[in-house]
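Chains A and B are the protein sequences, given in the same order. Position one of the first sequence corresponds to residue 39 (our numbering), numbered consecutively onward. Position one of the second sequence corresponds to residue 29 (our numbering), numbered consecutively onward.
If you are wondering where the hints come from, they were derived from the structure by calculation, not from laboratory data. It is possible that part of the hints are untrue.
If you anchor each label on the Cβ, the simulated ranges turn out as follows [what the hints assert, rightly or not]:
1. B:K38 to A:E638: 49 to 55 Å
2. A:E638 to B:G172: 38 to 44 Å
3. A:R203 to B:A109: 30 to 36 Å
4. A:A450 to B:A109: 38 to 44 Å
So these bits of chain A aren't anywhere near chain B, every CB distance computed over 12 Å [said to hold, decoys possible]:
5. A601
6. D629
7. T752
The beta carbon of each residue, even a glycine, is placed where N, CA and C say it ideally should be.
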Amino acid sequence: MDGSVRNALQNSSWMGRAMPRREDDRLLRGQGVFVDDLQAPDCVFLEVLRSPYPAGRITALDVTEASGMDGVIAIYTAADITPQADSAVNALLPGAELAAMEPLARTHVRAAGQAVAAIIATSRDRARDAAEAIWLEVEGEPAPTRARTQAHWGQTLPAFDNPVRASIAHALVAPFAMEPRAVFAMPEGTGLTVWLSTQTPQRGRDDLCAMLGLDRDQLRVIAPDVGGAFGGKASLMPEDYLTAFAALTLQRPVKWAATRSDEFLAATQGRGASSHAEMAVDATGRATGLRAEFTFPLGHWMPYSALAPVRNAGRILPGPYTIPCDVTAAAETTEGAAVNIYRGAGRPEAAMILERLMDRAAQRLGIDPMDMRRRNVTTRLAAQPDTPCSGDFPGLLDRLEQETGYRALRAAQSQRRAQGVVCGLGLALYVEPCGQGLETASLRLCEDGRFLAITGSSAQGQGRETAMAQIVAQALNLHPQQITVSHGDTALAPEGIGALASRSTAIGGAAMWRAASGLLDRAATLCAPLLGCAPADVVTSAEGVCGGGNSLGWADLAAHLGADPLVVHIRHEAAAEAWASGAILAEVVIDPETGVLTIERMTWVDDAGIVINPVLVQGQLLGGAAQGIGAATMERMVYADGQLQTGSLMDYALPRATDMPPIHLFSQPTPSPANPLGVKGVGEAGCIGIPAAILNAVMDALPQGTPDLTLPLTSEKLWRALTGSLQ
Amino acid sequence: MHSFELVKPKTLADAVAALADGAQALSGGQTLLPTMKQRLADPGTLVSLTGIPELQGVCQGDAGIIIGGATPHAVVAREAAKYYPGLAALAGQIGDPAVRNRGTIGGSIANNDPSACYPAAVLGSGATIVTNTREIAADDYFLGMFETALEEGEIVTAVKFPVPQKAAYAKFVQPASRFALVGAFVAQFADGVRVAITGASNNGVFRWPEAEAALSASFTPEALKGLTLPADDMIADLHGSAEYRAHLCGVMTKRAVMAAG
């Protein structure tokens with residue numbers, strides 16, 4: 039940080055301020071523009087015929103009748119499409135076998151819901167009418183395993199003497215963005231402009247280019263307003279390719295928007311892993327070894343980030359603790375929709391098994407679970423990959439104990455139990471690695487004296503524009519309203535990663551900070567001779583620059599610079615990974631007659647590093663908590679004989695506002711050394727720590743010796759656990 | 029959705045005539061419209077019953093209250109409260125506000141979803157279903173899952189409820205749909221207690237004679253002690269096994285008795 043940035047920092051305090059989200063006024067007035075809102079006069083609509091049959095061989099596929107129906111422009115089957123490359127899959131693990139997308143089933147259907155034909159017609163209803171007229175026969179055959187992967191982390195440890203054990207079976211869950219996926223492709227020159235409901239516009243462009251055989255400059259991807267993503271809009275999907283292919287082939291605008299049914303049947307799913315682990319503990323409560331095995335289902339094909347949960351689960355153990363580790367994670371394709379990253383992506387699976395083992399060990403040794411964790415937390419952080427960058431884990435536990443009145447709660451629990459109340463307290467201590475690699479930012483002084491900040495990170499409701507404006511305002515001593523923030527358009531930000539892995543503030547924000555610092559330096563150099571002072575004496579403010587008793591407004595400076603504007607582009611490679619962390623206490627009661635679980639209170643101390651805007655952090659924490667509560671207590675995708683049983687919200691239970699318990703948030707930041715802002719991510723925390731705390735609280739409430747429960751913790755399971763009738 | 033014709037008669041007679049050609053009656057549409065949107069129903073012609081004044085409203089009759097067949101749940105929740113609070117409370121728990129503002133009592137009992145709330149109140153109250161051609165006692169009306177005594181083209185014009193001394197509904201919600209996983213309606217009349225259970229049985233709503241006898245002798249939660257229902261005919265699905273539903277029948281009946289006071 040140079041002298042001028044330091045001066046600015048002293049004069050402004052935009053960072054850390056609880057500012058309302060600048061996005062909300064427009065969104066709450068219904069003025070958002072999502073992909074399906076976009077219109078074009080000659081637009082046609084794509085619909086997908088999905089196999090109603092589970093895995094099998096296609097014995098008949100006849101589109102003759104459908105092709106002749108009113109309004110039908112084209113019908114594609116696998117024989118009609120010509121992908122120029124396999125869909126990209128990130129081979130994150132050494133020796134990983136990959137199973138690319140089949141945009142349309144070729145000889146075999148691999149899962150119910152797989153796309154078999156694409157119908158393009160003048161209206162959605164006509165396309166759906168035609169889809170019903172396509173003749174498809176599938177002869178049932180077991181789906182072969184397409185790809186297997188296994189990886190190991192840590193060291194090979196010898197057999198443990200009398201370890202504690204735990205097993206967890208995570209349900210498959212739906213990422214469930216409020217806005218279903220959508221794509222609108224418009225021919226443009228020799229290529230396309232594609233509006234995509236995505237969290238990764240640049241990757242979308244690159245993957246579409248490869249599959250369509252286009253150059254990067256022939257294809258522009260724009261993510262307009264996007265109504266949630268959570269990993270479900272991170273990787274290119276068959277409908278994205280099919281819509282772009284149709285627009286390119288037909289040379290007219292083509293639009294596809296998923297129905298909720300499409301999303302349940304064919305969007306990516308999350309979780310689904312099973313884990314088995316054992317931990318050796320000595321008599322003093324020190325964990326001396328951890329052996330964990332994860333098995334992840336992949337579904338019938340692998341989207342770009344399919345292996346990220348596998349890698350995350352493996353690499354982050356032993357989390358906030360110091361324990362020698364022996365971790366194996368395996369993954370293989372399965373019959374069913376593709377499984378990909380979902381908010382947390384492997385971190386929740388690692389946190390939950392570890393936190394169960396901590397409680398099991400505490401129980402065996404007769405140590406309080408809070409103390410058990412204290413004896414094992416890491417206190418000396420090593421600057422090594424895949425370990426926390428910073429964090430005060432004893433401090434998180436201390437604060438949690440203090441804010442909850444934990445000792446008194448334990449005492450009260452004994453009294454309540456004596457009165458027949460089935461109640462439990464559950465702790466979770468978690469870490470949240472927040473992404474690696476690069477992000478881009480550019481900052482420009484515009485002719486009108488305003489600033490345009492373009493971030494390579496994308497936005498799906500996080501309040502990105504608000505945070506980026508605060509960062510720039512802080513660095514340049516401006517008012518945030520002077521800054522326009524732009525994102526999600528590959529024409530403006532040709533390079534970038536997008537919003538993933540809780541990375542956008544830690545990496546994207548750091549990139550923007552560097553852009554602003556660079557712009558400040560350039561402004562000082564350029565303005566010093568104009569103002570008649572030394573560069574180090576140039577001071578910026580909302581009005582402009584001043585120094586040596588002279589001043590120059592921003593618009594005047596822009597006019598002076600003319601054709602050589604003040605603009606800085608930054609390609610920021612994160613030197614290290616930021617790791618957030620937190621500690622949670624869940625207080626639960628179970629109705630002994632029905633098994634109904636009530637979360638009475640959640641108390642959550644989080645370390646998200648330096649906070650740019652507490653309002654945004656709170657939104658991320660609470661939203662993640664809702665999804666964490668859903669995964670722990672009610673959400674599950676269920677297949678029976680290859681058929682999805684949870685194809686609508688009549689059967690797939692999502693938490694609603696009334697399911698949210700009181701959640702008390704406390705911020706206890708330690709600055710991250712991984713970036714110049716000291717910030718960390720916060721997006722996935724709720725999905726990581728909350729389910730582990732709930733499971734521990736439930737197990738604390740249930741009788742000792744209750745076997746491991748599968749997720750979600752439905753009322754029937756808890757009733758059976760209480761009545762000794764678990765199946 | 030497949031395309032369809034919509035007929036909006038203003039009188040019951042016009043509605044009956046319009047239904048004569050095999051058209052489908054549409055009341056609040058809270059089941060039918062989602063089914064059509066998913067292309068699982070293709071009725072060709074819909075005859076809307078919601079614009080017919082004589083099918084609307086809650087009023088006091090000679091022997092209880094009368095609710096027009098096309099009266100939305102929200103209206104029952106609001107306007108039946110002073111006559112029959114147990115019924116009004118049940119109506120106020122159906123679905124969500126949007127469902128309650130559109131869905132109707134006639135639509136609900138004509139569909140006879142095995143997990144719907146209204147059948148429990150109608151059977152548990154010993155109500156009478158009034159149609160354009162006749163009156164049907166509740167005990168003769170519900171014939172099994174999605175089956176009723178209604179003939180083709182017959183319209184539920186009203187439901188007549190005798191008002192009990194005490195009544196309450198206890199609902200255990202299915203976590204996704206918020207329909208009843210098990211719902212118990214108990215009603216104490218001068219000549220005895222009726223208990224109707226919805227959500228639980230493969231045969232739809234049913235009365236529980238043993239619980240009725242016990243509660244007629246003593247309208248207390250303790251009177252139900254030791255009473256159980258067999259799991260044999262209970263619904264088993266991903267939201268609850270037959271055993272769990274059978275167990276919840278007892279719990280919810282007890283809670284309904286406690287709520288009735």
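- Is the distance from the Cβ of A:E638 to the Cβ of B:G172 consistent with 38 to 44 Å? Cβ of A:E638 to Cβ of B:G172: about 42 Å, so the range 38 to 44 Å holds.
- Task: Go ahead and decide if the range 38 to 44 Å is satisfied by the Cβ distance of A:A450 to B:A109.
- Result: Hint holds: Cβ distance 39 Å, inside 38 to 44 Å.
- Query: Is the nearest Cβ of chain B still more than 12 Å from the Cβ of A:A601?
  - Reply: holds (56 Å)
- Query: Beyond 12 Å from every Cβ of chain B: is that where the Cβ of A:T752 lies?
  - Reply: violated (8 Å)
- Message: 49 to 55 Å was suggested as the range; check whether the CB atoms of B:K38 and A:E638 agree with it.
- Response: About 54 Å separates the Cβ atoms of B:K38 and A:E638, which means 49 to 55 Å holds.
- Could you let me know if the closest chain B CB is still more than 12 Å away from the CB of A:D629? Incorrect as stated: the minimum Cβ-Cβ distance to chain B is 9 Å, not above 12 Å.
- Look at the Cβ atoms of A:R203 and B:A109 and judge whether their distance stays inside 30 to 36 Å. The hint (30 to 36 Å, Cβ to Cβ) is violated, given that A:R203 and B:A109 are roughly 56 Å apart.
Figure legend: structure checked against the earlier numbered hints; hints not met, in rising order: 3, 6, 7.
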